[in-house]
Amino acid sequence: MTGLYILILSPLVGFLINGLLGKKLPKAVSGALSSVAILVPFFIALNFFLGFNSGTQVKIDQDVYQWISIGEFNIGFGLLLDQLSSLWLIIITGIGFLIHLYSVSYMHDDEAFSKFFAYLNLFVFFMLVLVLGNNLLITFIGWEGVGLCSYLLIGFWYKNGAYNDAANKAFIMNRIGDLGFLIGIFMIMFYFKTLHFGALKEALGSVHVSHGLIIAITMCLFIGVTGKSAQLPLYTWLPDAMAGPTPVSALIHAATMVTAGIYLISRTDFLFLQAPETMTVIAVIGAATALFAATIGVLQNDIKKVLAYSTVSQLGLMFLALGVGAFSTGVFHVLTHAFFKACLFLGAGSVIHALHGEQDIRNMGGLQKNMPITFLTFLISSIAIAGVPPFSGFFSKDEILAAVFEHNKVLWAVASLASLLTAFYMFRLVFLTFYGNFRGTEDQKHHLHESPWQITVPLTVLALFAAIAGVMGLPEIVSHHHWLKSFLSPVLTPNPHAGHAIGNSEEWMLIGIATTLALGAISYAFVKYISKKELPAAEGTLTGFSNLVYQKYKIDELYSFIIVQPLQRLSVTAYSLFDKVIVDGGVEGVAIAVMSIGKRVRTIQTGNIGYYLLMMVLGIASILAYVFLK
Amino acid sequence: MSLLLNILQVVPMQYYLMVSAALFSIGVLGVLFRRNAITIFMCVEIMLNSINLLLVAFSTYHNDSNGQVFVFFVMAVAAAEVAVGLAILVTIFRNIRSVDIDDLKALKN
Amino acid sequence: MSLVEICFWALSFVTLVCALMTVLSKNPIFSAIYLLICFASIAGHYLLLNAQFLFIVHIIVYSGAIMVLFLTTLMLMNLNEETEKHKPAIARIGAVVAACILGLVLVSAISKTALVLPQNSGAVDIGAIKVLGKILLNEYFYPFEFISILLLTAMVGAVLLTKKEHKITIK
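Chains as they are written, first to last, in numbering that gives the first Met the number 0: chain Y, 0 to 629; chain S, 0 to 108; chain W, 0 to 170.
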């Protein structure tokens, strides 16, 4: 338990020191301090993790103190450590530490250096609260906390108006989802009289509630999840969130925070399994998001935007896995995705750093000569995300596809198409960025350099894991022991709806198809961008459907048209009619009435003592008359 | 003694009440009627005396001397009040050459 | 009609008339003189009610001290009929009406109220100096002492107020 306290409080201490004293500390101290504040929890988390793996560590589920107590209803401020949360702890603190290390170099020239690390530490703290909470309310605290940090970090360069808008967008979009989450929590509180995960699981068996209610609760929770994990229809904030510094994109908007939704659903899987209808919705939305975001990603030219849409797409795949009841598979993809997507973002950051802020891939090219480590790690991660064996992404994606295949062939086709597009746009990115000739300015070319060790070390470590993390879940045809599944089996509820496993021949067929598709897409990208040396079209030359895709299906405009503008018109109407006329009119009317009455009444106050005395006598007479003569 | 018993028999308490009420009303009239602050002061004294008279009458009819003690105190306070009040009036007169209350409008503006 | 009754009516008449004359006289000096007579008749009332101690105190305090103060002040200011101004007619009518209303209210309130009076045996001469003196210096000892301090304070205050240096500026 002490270890758990240190683990959770260490980032908070880092935040407080950096936040309160940051300006007085030298940059090196500030950066080192916050990195250590994450490194210590990492070792503790690693210890827990190894303990769980060898079976020596037991599950911790303990209330630190009684938080809210109303009659029979109690909410403790409690922590829950089990296999599922320990996995997330490893990701959060491990990748978190690497990204801290990376940021020391990346943010070195920023004037608000210590503020950045304070926010980053605060984020890690809230993420730990989210993952370690033993009831939904604690999770919600973390949920909101990471939302806040996300907002702060997206708008970190607050002097840029567009970045502020992006931060607001992220925050507001998340609010919409959070409302759903909150309603879900209230409903659970009302009907089950508990928010504790374990108690809730028991209550679900004993308390009799209608099936419709379970669907309503799970749908509300899922609405919350779509906000945080950037699924249709609330995904638009994530691509805009790339306004933040690149390490933030890597940590928050790729590896950890956006996977909170998957964590929540895995944590409350017993609830979701009671509502197959919701699961279907999750699967469909996941598949739709995966394909939708992948198509947008194909035509984006901003290196970070491509990665952002790729993240949305991959998250869609994870939800697809959850939707078909393959919870451990979803978690598996979270893990592999965390490694290769963090690596990709950090690699992109390294490139952007070398090019002094250039993000358009049309102005890059040929960087492999100058930045070998960045190139190599980026390439490995791209292969991983594209799903080429034996890199990690292949295994997790294959598992998802297999699970979907036995569930629904249409969804499988959609997911396969999304993977195909993923492979294509990732290699489009790689080829345009690192191959060919440099297309930037002479000045940029002159300054091209490999990044310092604080950047390359995290890249290397992450690329290593991106390559080998697949061993966590080797498919049955290769190995009979699926480590992750057995590791998570004490936590996750077995899916009662799961069909029998697909046969070996079908499995081989699926692997074959997936690999062929990925390699085919890569080859096509190679032909298109290396052999033919094509470049993405310049601004405004695209027509028809591709233009629509390039403009991200005009979803932002659509939202603006159907939601923002009517709201704005409503506000304007309310302002000019209700506020100006009725409220202001009422309030000012009272004021005007009082003033005009005062103006007349003032003449009564003549200042003449005789007059006052007269009135006093009349007053006394009337009081006497009232008292004695009534 | 005989005189006292006599008055208790022949003059009802109501008469004293009426005389006091009338005297008090006259005092009020004076306060409202006059402009001279000193005359107003005199009228205030009339009002005080009407109450004193009533207290003494009640005291006698109730055969209770506390009422008379009270009148004694009222007189003492009245004396103090007149002394201070007149001192104030003298000061005012010294400044504005008048004790007309209609001239004393410093409260306004 | 007994002698006591005659005395009561005569005294009451004098009291009310003199009070009214105090109000109505144009000359403040006359007002003061009428007030003096008014006080004297009230003193007569006290005597009639067998309040000998108060009779004496009243004569000393009112007819003596207070009246002297009034007259001295009036003479000091040299106020007379010429300087005396009446209020505007409307104010005077208002004053009369207000006073009448108050009087009517008081009278009607009194006549509506049923008095509860114990049968007075007249055994103790409550108005006697000896009786009152004992009460004052036993039950009312502390108020009695405080009154003396109050009077002292008033004296000091009056002196302080009338000193030349303390010029109160009134616009």
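Think of the hints as simulated: they come from the structure by calculation, not from any bench.
The reader is advised that the hints may include incorrect statements.
Stated by the list, open to error - DSS-like cross-link-like pairs, simulated, lysine-lysine; straight-line CA separation at most 30 Å:
1. Y:Lys598 x W:Lys129
2. Y:Lys22 x Y:Lys200
3. W:Lys25 x Y:Lys629
4. Y:Lys58 x Y:Lys22
As the list claims (entries may be wrong) - Among chain Y residues calculated to face chain W with C-beta under 7 Å, some are:
5. Tyr611
6. Leu613
7. Val616
8. Leu617
9. Ala624
A virtual CB, placed ideally from N, CA and C, is assigned to each residue, including glycine.
Consistency of the hints with the structure:
no. : hint                : in the structure
1   : Y:Lys598 x W:Lys129 : 62 Å, violated
2   : Y:Lys22 x Y:Lys200  : 48 Å, violated
3   : W:Lys25 x Y:Lys629  : 39 Å, violated
4   : Y:Lys58 x Y:Lys22   : 41 Å, violated
5   : Tyr611              : 12 Å, violated
6   : Leu613              : 5 Å, holds
7   : Val616              : 5 Å, holds
8   : Leu617              : 5 Å, holds
9   : Ala624              : 5 Å, holds
Hint violations for this structure: numbers 1, 2, 3, 4 and 5, all remaining hints satisfied.
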